[in-house]
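Chains as they are written, first to last, in full-length UniProt numbering: chain A, 1 to 337; chain B, 1 to 396.
Among these hints, one or two may not hold up.
Covered, in the sense of this in silico footprint (three residues per stretch, anywhere, with C-beta under 8 Å from a C-beta of chain B), are these stretches of chain A [claimed, not checked]:
(1) 79 to 93
(2) 231 to 238
(3) 252 to 260
(4) 264 to 274
Please keep in mind that the hints were generated in silico from the structure rather than gathered at the bench.
In this text the structure is predicted, and so the values were computed from the model without any measurement.
Every residue, glycine too, gets a C-beta built ideally from N, C-alpha and C.
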Amino acid sequence: MSVEFQELRDAVRQVVDGLDKLGAEQDYWHQCLELGWLMVAAPEELGGLGMGCEAAVAVQLELGRGLSGAPYLPAVMAVSAICDSGLDDKSERLEKIFTGEAITAALVDGGLSASAQTLSGTLNAVLSADSATQLLFWTDDQSLVAIADLSHSAISAQGRDTWDTTRRLFDVELQSLPVADVTVLAEGRSAQTMIKQLRMQRDLGLAADAVGASTALLEMTVEHLNTRIQFRRPLAMFQALKHRCADMKTLCEASEALLISVLDTDSDADVMAAKQMATSHYATVAEEALQLHGGIGMAVEHPCHLYLKRAMLNPHLGTSSAACAESAVQALLDSVA
Amino acid sequence: MSETQLEQFRQEVRGWLGDNIPQGWRAAMTNAEQPAFVELQQAWFKKLVEQGYATPHWPEGWHGGGRSLAEQKVIFEEVARADAPRLILYFVALYHAACTLFECGSQAQKDKYLPGILNGEIWCQGFSEPNAGSDLASLKTRAERRGDKYIINGQKTWSTMAQYADRCLLLARTDGSGPPQAGLTYLLLDMKAKGVSVRPIDQITGDDEFAEIFFDDVEVSVEDRVGEEGNGWAVAQATLASERGLTLVELTQRMRGGLSMLVETLKSQGRLDDPHMRQQLGQVIPQVNAACAVADRYLQKRISDQEQVGDASIVKLYYAQVLRELVRLGVQSEGLAGQYHGGFMRGATQETGNWALDFMNSYNWSIAGGSNEVQRNIIAERMLGMPREPKQWQLS
Ligand SMILES: Cc1cc2nc3c(=O)[nH]c(=O)nc-3n(C[C@H](O)[C@H](O)[C@H](O)COP(=O)(O)OP(=O)(O)OC[C@H]3O[C@@H](n4cnc5c(N)ncnc54)[C@H](O)[C@@H]3O)c2cc1C
């Protein structure tokens, strides 16, 4: 891990720990814009900070810590797609994103088909679609990556109530949206390459989110056990509970180490593995955390449930766990063949 | 080293290993007698040392040492990839003894003992006793000062490779009056000295890798004390940390080799397309990769002087858990066939592809060198800052 990565991470953490409401979408979004976090990965010649893709991961680790509701991940994907596209107004487009014109995207695959000259279908798990002005998407057949204006009459967004209240997900329907009305970022072969890249970034972002959240949740749990007195001693003195915390710590470390180790890989199998591990470990940590909090953990006033609900949602975003596992097996088989 | 230099180094290591690995060693070690085992280990150790590949983790200025993390990893990756024998007979010498001397030994002790290690002296670790396992500080083996000598009386147990050892890292009690940790002293003992006797212990695998050691008025010179009298506990922590953290860069790389063996087994059992097995394999692969990443990260921290208490415990605990997962899957994939006795492999690595054996051997890592439970205590208390157990306890 580079010094730069760690410094950025520390800086973001300071801000996150200073925000008093977990999740608060507006507050987080404000900080993302104000502090230039959207710019970190874009190259300097396009107006970015040129810190590379891993910088966006550093930010997301800490946004996950605060259960940020801001649509940072789709923005990261869009910035990357625009940079890699053949557009000649990249700088202008990025400039708009950096200054607050939110662009969103689906956090799951599938739903969109292209016929002759139009696009139709429904994209699920699109983050904050009501406050965004644009939509980044790709077609199921991987022939096209494009951006559309969400205000187009052929597009409608429907909010979905999720158990996780720290993020707002939408179904976005496209009804015969003319291809002529969208901005094409990549087609054909180059679309496939770009989609692979975007999926990797999505999985990296989700993994970082999970690592950040589980780390924070463990800290909160230890703090609770250290201060809660039962049987005339802090609960933290009971080894049965200590050992569960040590195991949670080990899971957090494993997820983080694996995530950091895949930051500069171009193998999507490795990235998927990191995402699968981070989200499933986060789920385990969240389950344990609620149990160890006892009754207070079931009270809505306590943040425990916010972490748990987000942990329940995360494995279903990005590449599916089954697909992650299968790609790990395939990569291993290829390597020993 | 640049990427290209590193790649060049990798080719160099790979080429050398290809030319030098003892052919057919796994078959030769299956049900082998002790002399054959020692002979193989000696010959392989000598070659690796000469080439400088046995000691990449030693500091700059020592033969083979001063390698960057990247280079060390290349060596360990290639050794694992080539399926070379593990230097199990020299494990304690290369890691425990060397690291303890580098960290806590005097210049004279380094000059005296490190060349010996490179020349093939075998070391063992004499910490555990019949009544002092996890509670190591309660150990009772006495070291009594008489002039410029200590006189040792007592017993050690579970000492790996003690029956072959030339020297022993001995933790003994010089003072029984104060708190248990404060009365311990760390000594370097000659296993050939008068009054030392060793009795190998049969293990569940069929091997006899560890042994009991008895001391009957054994003399150790004061010059062979590491650190001050009464400071042995701190020195022992250096030994244990090296075992917990440093050795695992190599072993986690070895575990990757275990994955290929698992694929072989699944293939030969016709179960590679069994969705259940595949799903489980898909779960284990990232864990193996994560174990490698955790160990690498530890070493990186150590190299840059950022190691914290408990870091090494996480590496060991996680490794022990992942290893168990991996070998359990091996056992499962073989079904009944795996329950027929396939012989034991002397000085086996953790991954022999003989999964029942590997499964039993995986307990080495969850029990020895501080059990999983002990590592959890360290992580909880020293890293997470949770309170210790209440000290007072009385039979009611
Ligand atoms: C293969 C092998 C090689 C070894 N090699 C060496 C060697 O070279 N040199 C050497 O000195 N020793 C060696 N050992 C010994 C090893 O260090 C001890 O076995 C280990 O420290 C555990 O001690 P014990 O066996 O007495 O078990 P015990 O301490 O009796 O533990 C029994 C069980 O109780 C648990 N337990 C103990 N205390 C606690 C606690 N406070 N909280 C929760 N659970 C607890 C343990 O985790 C374990 O599950 C080796 C052991 C093995 C298995």
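Hint by hint, here is what the structure shows:
no.: 1; hint: 79 to 93; in the structure: violated (count 0)
no.: 2; hint: 231 to 238; in the structure: holds (count 4)
no.: 3; hint: 252 to 260; in the structure: holds (count 6)
no.: 4; hint: 264 to 274; in the structure: holds (count 3)
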